[in-house]
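Enquirer: Sequences are here, hints too, so could you generate the full structure?
Chain by chain, the residues:
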Amino acid sequence: GAVVSQHPSRVICKSGTSVKIECRSLDFQATTMFWYRQFPKKSLMLMATSNEGSKATYEQGVEKDKFLINHASLTLSTLTVTSAHPEDSSFYICSAGPTGGGYGYTFGSGTRLTVV
Amino acid sequence: AQSVTQPDIHITVSEGASLELRCNYSYGATPYLFWYVQSPGQGLQLLLKYFSGDTLVQGIKGFEAEFKRSQSSFNLRKPSVHWSDAAEYFCAVGALDTNAGKSTFGDGTTLTVKP
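As given, the protein sequences belong to chains A and B, one line each in that order. Each residue of the first sequence is one higher than the last, beginning at 3 in our numbering. Each residue of the second sequence is one higher than the last, beginning at 10 in our numbering.
These aren't lab readings, by the way, just hints derived from the structure by calculation. Remember, it's a predicted structure, so these values are computed and weren't measured experimentally.
Chain B residues, not near chain A, derived (Cβ > 10 Å throughout):
1. G25
2. N33
3. A96
List of simulated lysine-lysine pairs, DSS-like, C-alpha gap at most 25 Å:
4. B:K77 with B:K111
5. A:K66 with A:K16
6. A:K44 with B:K123
7. B:K123 with A:K43
8. A:K68 with A:K43
9. B:K111 with A:K22
10. A:K43 with B:K70
11. A:K22 with A:K44
12. B:K111 with A:K66
13. B:K111 with A:K68
14. A:K57 with B:K111
15. B:K111 with A:K44
16. B:K70 with B:K123
17. A:K68 with A:K57
18. A:K68 with A:K44
19. A:K43 with B:K111
20. A:K68 with A:K22
Restraint ranges, calculated between C-beta atoms of paired labels, are given here:
21. B:S27 with A:T84: 44 to 50 Å
22. B:S79 with A:F41: 29 to 35 Å
23. B:R78 with A:T84: 42 to 48 Å
24. A:L70 with B:Q54: 25 to 31 Å
25. B:T39 with A:K43: 30 to 36 Å
26. A:T84 with B:P124: 45 to 51 Å
Quick reminder that beta carbons are idealized off the backbone N, C-alpha and C, glycines included.
Expert: Written out as structure tokens, the structure reads:
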């Protein structure tokens with residue numbers, strides 16, 4: 003149980019276009035989802051907290067107008083990278099939960115975004 | 010603020026040898042602690058977690074970790090490493106008020122396994 007699906011796994015887009023990444027909880031309802039960004043050879047950096055039915059909470063330094071987050075249902079959160087630029091190229095990972103009695107969060111398999 | 014330190018950036022061990030990956034954390038209250046493994050280009054897989062109770066935690070793939078409050082450590086161990094264990098390992102501490110979902114990660118330790 004507690005499977006999180008992230009789609010697409012890889013995406014290449016042209017500079018200036020927008021890209022949407024989906025994070026779905028397949029077998030449980032996720033009241034909260036977190037979006038992380040991982041740079042090469044670096045740790046994960048929390049970008050924002052997404053709560054179903056309310057506005058996302060962004061971490062300091064994360065541009066909310068560039069990284070649009072929508073959590074419209076208990077099983078789906080989306081991250082849209084708007085007007086993407088090469089510096090937005092990264093590995094984006096979501097986690098969803100809570101599961102397992104309120105203490106567990108499951109990570110998706112990540113999305114490799116390359117902006118050319 | 011919470012923080013996690015993984016002192017070893019890169020560790021190389023021979024297949025069959027024992028392994029210990031170090032993790033030190035800073036947190037104002039009882040922490041939720043996690044170890045994750047990441048293969049290249051993949052997401053994170055949870056190896057084990059500590060919330061309370063027994064300080065020696067068993068995880069998947071033969072891994073275990075011991076929570077030592079006095080040393081603010083949560084080191085990961087495996088008695089005999091397999092070639093398939095080569096990966097990136099992350100220690101993380103989760104915030105109590107978000108049921109551990111909002112996690113702070115260490116910088117990771119890259120494990121190389123020699124044949």
